[in-house]
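Chemist: Chains as they are written, first to last, in my numbering: chain E, 3 to 245; chain H, 19 to 125.
Hints are computed from structural coordinates only; laboratory data are not their basis.
Incorrect hints may appear among the rest.
What the hints assert, rightly or not - With a cut-off of at most 25 Å between alpha-carbon atoms, the simulated SDA-like pairs for lysine to any residue come out as follows:
{"no.": "1", "chain 1": "E", "residue 1": "K95", "chain 2": "E", "residue 2": "G195"}
{"no.": "2", "chain 1": "E", "residue 1": "K93", "chain 2": "H", "residue 2": "A42"}
{"no.": "3", "chain 1": "E", "residue 1": "K149", "chain 2": "H", "residue 2": "N50"}
{"no.": "4", "chain 1": "E", "residue 1": "K115", "chain 2": "H", "residue 2": "A42"}
{"no.": "5", "chain 1": "E", "residue 1": "K160", "chain 2": "H", "residue 2": "L99"}
{"no.": "6", "chain 1": "H", "residue 1": "K82", "chain 2": "E", "residue 2": "L25"}
{"no.": "7", "chain 1": "H", "residue 1": "K27", "chain 2": "E", "residue 2": "K66"}
{"no.": "8", "chain 1": "E", "residue 1": "K115", "chain 2": "E", "residue 2": "E17"}
{"no.": "9", "chain 1": "E", "residue 1": "K95", "chain 2": "H", "residue 2": "A100"}
{"no.": "10", "chain 1": "E", "residue 1": "K155", "chain 2": "H", "residue 2": "P25"}
{"no.": "11", "chain 1": "E", "residue 1": "K120", "chain 2": "E", "residue 2": "I151"}
{"no.": "12", "chain 1": "E", "residue 1": "K160", "chain 2": "H", "residue 2": "A42"}
{"no.": "13", "chain 1": "E", "residue 1": "K66", "chain 2": "H", "residue 2": "V30"}
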Amino acid sequence: MHRTGELYGQFETLEQQKESAALGMWVFLSTEVLFFGGLFMTYTLNRHYYGVAFGVGSNTLDLKLGGANTVVLILSSLTMAMSVWASHVGKRKATTSFLIATLVLGTAFLGVKVIEYKQKFDHHLIPGYHFQIDYRAQHPAPNDDPKEIEAEKEELSKAFAKDPDLNAHAQLYFSLYFGMTGLHALHMIVGAGMLVWLIRQSLLGRFTPTYNTPVEMIGLYWHFVDIVWIYLFPLLYLIDRHR
Amino acid sequence: MSEHIVPPKVYVGIFLSLMVLTAATVAAAYVNLGAFNIVIALAIASLKATLVVLYFMHARYSPKRTHMVIIAAVFWLAIMLALTLSDYVTRDRDVAANTPMSQMLGS
Chain E
3 MHRTGELYGQ FETLEQQKES AALGMWVFLS TEVLFFGGLF MTYTLNRHYY GVAFGVGSNT
63 LDLKLGGANT VVLILSSLTM AMSVWASHVG KRKATTSFLI ATLVLGTAFL GVKVIEYKQK
123 FDHHLIPGYH FQIDYRAQHP APNDDPKEIE AEKEELSKAF AKDPDLNAHA QLYFSLYFGM
183 TGLHALHMIV GAGMLVWLIR QSLLGRFTPT YNTPVEMIGL YWHFVDIVWI YLFPLLYLID
243 RHR
Chain H
19 MSEHIVPPKV YVGIFLSLMV LTAATVAAAY VNLGAFNIVI ALAIASLKAT LVVLYFMHAR
79 YSPKRTHMVI IAAVFWLAIM LALTLSDYVT RDRDVAANTP MSQMLGS
């Protein structure tokens, strides 16, 4: 393993070495923009064609859970940024604490996502043979609010009148919902793995004010994943809330 | 090193701005603005993303070549969106009704 803060042969100065690392990270992130971009493109076209089905699909999502998750993820970006600051000023304990806070918040986000996915399984909203957009309206659980179920039935009957193929088109929405949030969650899992490594390195005292490149680079990745969610949240949860 | 250390005050300020903007995007979604709902949602999301890139990701304090990479990323994404949409939105095909292209052309 490399010794920390060492100047490699191909660089003139430590500053140049660090800027090269940052530039490489940004180039990687620009490929990630296009990686996610393909999904956003697919989303845009399908929403353009099947707006009614996308609105119905979006309204089945739990805005409280999605909103809470948005807060949790942005808060994790703050703690990540704070750990970069702490490593810059040589506060080792604070660096480790902020990294642990970031990992805890990231894991909380994924936990909420599991709850949301489970609801979709229960409501037959997984694309495939058993997909049924009006499953919940037809088979309400005993603890469901009857008013809410009535409102959902009314919304569905209006939507079916506008788009007789609603069931098929809503599957497109849910395919994109699971594809986009799934790819995002995969990035979070990778990020969490890297955070575990960072926390270990930080506990070993590897980061100093002159050497904290890994904290900064993984920080860049973490913030990028946050940005993806900043777009996913309104595009998936807030399509048709005003109806 | 000439690197800029961003003080925690700035980070907390940015975090609070992001929270306010998140609340604003949820509030705006409940108002029926027709086609402008999506415009406002994307404008707020882009403002939030800009704040994250500039401050959390230190782009504001980064060298010009980093700016170039960021601008290139956004530009490439814009090319993909613009050229693909310029094809799809100028087609006559009634996709929602699943009318095959051959029928539209009357062949």
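Chemist: Could you run down the list of hints and mark each one as holding or not?
Modeler: Going through the hints against the structure:
Between K95/E and G195/E the alpha-carbon distance is near 20 Å, which keeps this suggested pair within the 25 Å criterion. This hinted pair does not check out: K93/E and A42/H have alpha carbons roughly 36 Å apart, beyond 25 Å. Using a Cα cut-off of 25 Å, the hinted pair K149/E and N50/H holds, with the two alpha carbons roughly 22 Å apart. Pair hint K115/E plus A42/H holds up; C-alpha atoms about 23 Å apart against a cutoff of 25 Å.
Of the pairs offered as hints, the one joining K160/E and L99/H is violated, with about 32 Å between alpha carbons and a cut-off of 25 Å exceeded. A threshold of 25 Å between alpha carbons decides the hint, and for K82/H with L25/E the separation of about 10 Å falls inside it, so the pair holds. In summary, the hint linking K27/H to K66/E is not supported, as the alpha carbons are separated by about 29 Å, beyond the 25 Å threshold. Simply put, K115/E and E17/E have alpha-carbon atoms about 40 Å apart, too far for the 25 Å limit, and the pair is violated.
This hinted pair does not check out: K95/E and A100/H have alpha carbons roughly 48 Å apart, beyond 25 Å. For the hint linking K155/E to P25/H, the alpha-carbon distance of about 52 Å lies beyond 25 Å, and the restraint is violated. Distance restraint check for K120/E and I151/E: the Cα-Cα separation of roughly 19 Å lies within the 25 Å cut-off, and the hinted pair is therefore satisfied. A distance of roughly 29 Å separates the Cα atoms of K160/E and A42/H; the hinted pair therefore is violated under the 25 Å criterion.
Proximity of K66/E to V30/H is assessed by CA-CA distance (about 24 Å); at most 25 Å being required, the pair is judged to hold.
Violated hints, listed in ascending order, are 2, 5, 7, 8, 9, 10, 12; each of the other numbered hints is respected by the structure.
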